[in-house]
Amino acid sequence: MKYVPYVLLAIAALLFPYAVSQVFLHTPIEAEMGTAQKIFYFHVPLAWTTMVFGVVCGIAAGIQLRIRSERAEAIAVAAGEMVVLCGAGVLITGPIWGDATWGTPWTGDARQTSTALLWLVFVAYLLVRRYGPANSDRLAAALAIFGAVDVPIIYYAVKIWKTIHPQTTVVGSLPGSMWATLWLCVAAILPTCIALVWIRADQERSAMALDRAWIERDAAAATA
Amino acid sequence: MHLLRQTWLLTRNDLRQELRQLELVVTAGFFTLVVLIMFALAFSTLDDEVQPRAVPGMIWLCLAFVGALTLTRVFDREREASTFAALLAAPVDRLAIYLSKLLVTLGVLLICAALLIPGLALIFPAAGITRAPMLALGVLTLLGCLGYAAVGTLFAAGLATSSGKNVLLSVVLYPLTTPVLLFALVATARLLEGHAETWSALAQFAALDAILLGVAAWLFESVLVGVGQAPAPHPTARSTAERTSR
Chain A
1 MKYVPYVLLA IAALLFPYAV SQVFLHTPIE AEMGTAQKIF YFHVPLAWTT
51 MVFGVVCGIA AGIQLRIRSE RAEAIAVAAG EMVVLCGAGV LITGPIWGDA
101 TWGTPWTGDA RQTSTALLWL VFVAYLLVRR YGPANSDRLA AALAIFGAVD
151 VPIIYYAVKI WKTIHPQTTV VGSLPGSMWA TLWLCVAAIL PTCIALVWIR
201 ADQERSAMAL DRAWIERDAA AATA
Chain B
225 MHLLRQTWLL TRNDLRQELR QLELVVTAGF FTLVVLIMFA LAFSTLDDEV
275 QPRAVPGMIW LCLAFVGALT LTRVFDRERE ASTFAALLAA PVDRLAIYLS
325 KLLVTLGVLL ICAALLIPGL ALIFPAAGIT RAPMLALGVL TLLGCLGYAA
375 VGTLFAAGLA TSSGKNVLLS VVLYPLTTPV LLFALVATAR LLEGHAETWS
425 ALAQFAALDA ILLGVAAWLF ESVLVGVGQA PAPHPTARST AERTSR
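Sequence order for the protein chains is A and B.
Letter by letter, the first sequence follows residues 1 to 224 in the working numbering.
Letter by letter, the second sequence follows residues 225 to 470 in the working numbering.
Keep in mind that the hints were calculated from the coordinates and are not lab data.
Every residue, glycine too, gets a C-beta built ideally from N, C-alpha and C.
Wrong hints could be hidden among the right ones.
Selected chain B positions facing chain A (Cβ under 8 Å, derived; list incomplete) [stated by the list, open to error]:
1. H226
2. I341
3. L366
4. L393
5. P403
6. L432
7. L437
8. S446
9. V447
The following block holds chain B by itself, in its conformation from the complex (with noise of 0.2 Å):
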């Protein structure tokens, strides 16, 4: 309960930051709706038998793009507010960090999600979005974005420095996140097929979710030593340096 109690309240501050600046919905929706934007004068003209092979594949990788997009700044304001190491230094279990974190993101991907699909159903009509399951759909896009997030917020977390490392995200992101893209494309693709075993596909995909948040709620203390120090100096400066002090 306590743990509850303390994510509840780091999460409706970060909610309440947003509710004033909306920065992070108006960002990210806007970046959906240039790569919806982009998807329809790249791929307009797609066969009516091959939209419903394509558009798993452009939901998830928009999805993944907006995480990278969104993972960033949720710990960027922080760093800018220098309000990092104080949430560290207070009397927080550091798993209701990460939750909250986790939750916040996960928020900002499904309003993203809700953006994306339909407009993807109004420009492949023949993907057969409008056709498909909505509760199926709604827990497959549920999924898909927490096992993102879980992954995301570890390591954003732990790149969330003062130095701007966090351009490594994306390098660390994409490979870690890719056993949620890959479950997630197929089974939407499974999903737009008609397929009967959608249900034991999701299954198995909170199964997953469940392992990757189970790893990454157990390395988060362990990532997060160190984060609020200043950068160590390059190995290659300090022999450089050692050379001219002699």
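Looking at chain A on its own, in the form it has when it is part of the complex (with noise of 0.2 Å):
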């Protein structure tokens, strides 16, 4: 187990090169949106990313205030750091997309306004473990749970007010060969991500060791 994430970054290294390859030079250039499309290969599997690991860190969150585990908390702090860093790369990739696709970078609809809002609550549970009180651990995971609670009910929120988003089934008629290079890509960035998250979780649950054994020193000097 302990080299798993090892493993699955050297299998993303080497599909990586292949996959950027596939996107520029194998992939037919999409009729409407022209080379612009290029990015939806990075942009897509980045917020399945995004939206995988808010859910796991929801999850997780909840386990850990369920049993007080501590595998648990620091899987939800890597997956929520991985939200962070998978967010930005969204919300980056996505007005370039869309000021070459729409003419407008934002336009505040559904899926925009949803996956920005989504960033900002991991922002903030990322903010309060750094920086909130004694009980911050259990006041972030409070926040995961009900940042995973709120997403959809701002994404309807946001989508009865207005809407011009790629819906589901224009992703859905696209030509096999660009399926194809699409899932190459996540096949890419997804174990990439998951190795980050398993090694950052490995990290944290080592701090929490330091920290119960500075506090035993501290009890035992104490006492001596």
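Make one complex out of these two single chains by using the hints.
Spelled out as structure tokens, the structure:
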């Protein structure tokens, strides 16, 4: 198990150059959007990864609150950081694509707004963990759960307002070669993120063990 | 019944304190008036057709700011009098503590809304506030304030420590209360436009409030664990101290 993240990173390192060459050299240019559509192969996997780790963070935070599991807490922290990282990627690539396709980088449509708010909730999660009071671990966990509950609601609230984002049916109607390249990019990005979350969760658990050892040493010194 | 009675007793206690000092109502009410005057100065030249689209934003932005101010003070008062730890140690259902603080916050927000909405109706007559059905407007204001207070009370309680960390409340509060504010904004705009589906929007809003209230009530006890503790030393400070001791 110790070497799993490194194996995943090695696989991703092999797949990444191949995926990039497929995107730019071997996949046909989309008729309506032109070369700007190439950003889709990075934007969509990053968005999926953001959503996956948002859910992972919410579930891990729930387990952390229920059974006081250090492992769950470490996974929640690592997943929360990955949401912020990948979410930043989505929020950078999305407006670039939007500017080229819609003529404006930000339209305030349902998916844009819900992604931006998901990102803000997880930034707040990390801020509370880093600068919060003594009970910040539990408070941050509640924040992550609330964030996971909030996102579909925000999505619905903005959807009844206005939306021009490509619908799922548009993505579903892509030709097979584009789908294959998209899956290749997912296969390169997702293992990288899983490996990074794995390594970061291990780091977090080591930090918790060090904190505990420090407290025990202090307690032993006080008794002596 | 037991929960309701405990909630009522705790709410009555907070209201009694508030009636003696009028601190929350006066400060929040004054803040509302200041924001109202600022809106009047900044947007008095708005065109008639723009006003119905701008006023919903003004209402909910102002209430969001007033809410953050009120939530901080509701728990600060307990912290300053060192009564929060005693309240947590008392044989009272934690949910009753949550509900009582929620009701106090809701009361203050509704008083501020009662100042704000007629004020905006006077300053921006073309917005159509006076033509909107009063019952629907009242229900909408109640639902908006309830949803906001439901989320806010949970996190204000979690940050009610002695370490001055409640500044983080705004960081947490605004992203999390966005669904409520968005719904309120859309529903208010529809109400002012005289949209036919106002009551179905209000029913959806009530469902949203029920979800937020349920999740917040479920998480309240978990969040409160450790609130009475002394702040933990900062990890960086600890490692510096360790290096110095070596």
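So, going through the hints one by one against the coordinates:
1. H226: 25 Å, violated
2. I341: Violated - the Cβ of B/I341 stays beyond 8 Å from chain A, reaching only about 22 Å at its closest.
3. L366: Since the shortest Cβ distance to chain A is 18 Å, the answer is violated.
4. L393: 10 Å, violated
5. P403: Constraint on B/P403 satisfied, holds at 4 Å.
6. L432: Hint on B/L432: holds, closest Cβ of chain A at ~6 Å, below 8 Å.
7. L437: Violated - the Cβ of B/L437 stays beyond 8 Å from chain A, reaching only about 12 Å at its closest.
8. S446: 5 Å, holds
9. V447: 5 Å, holds
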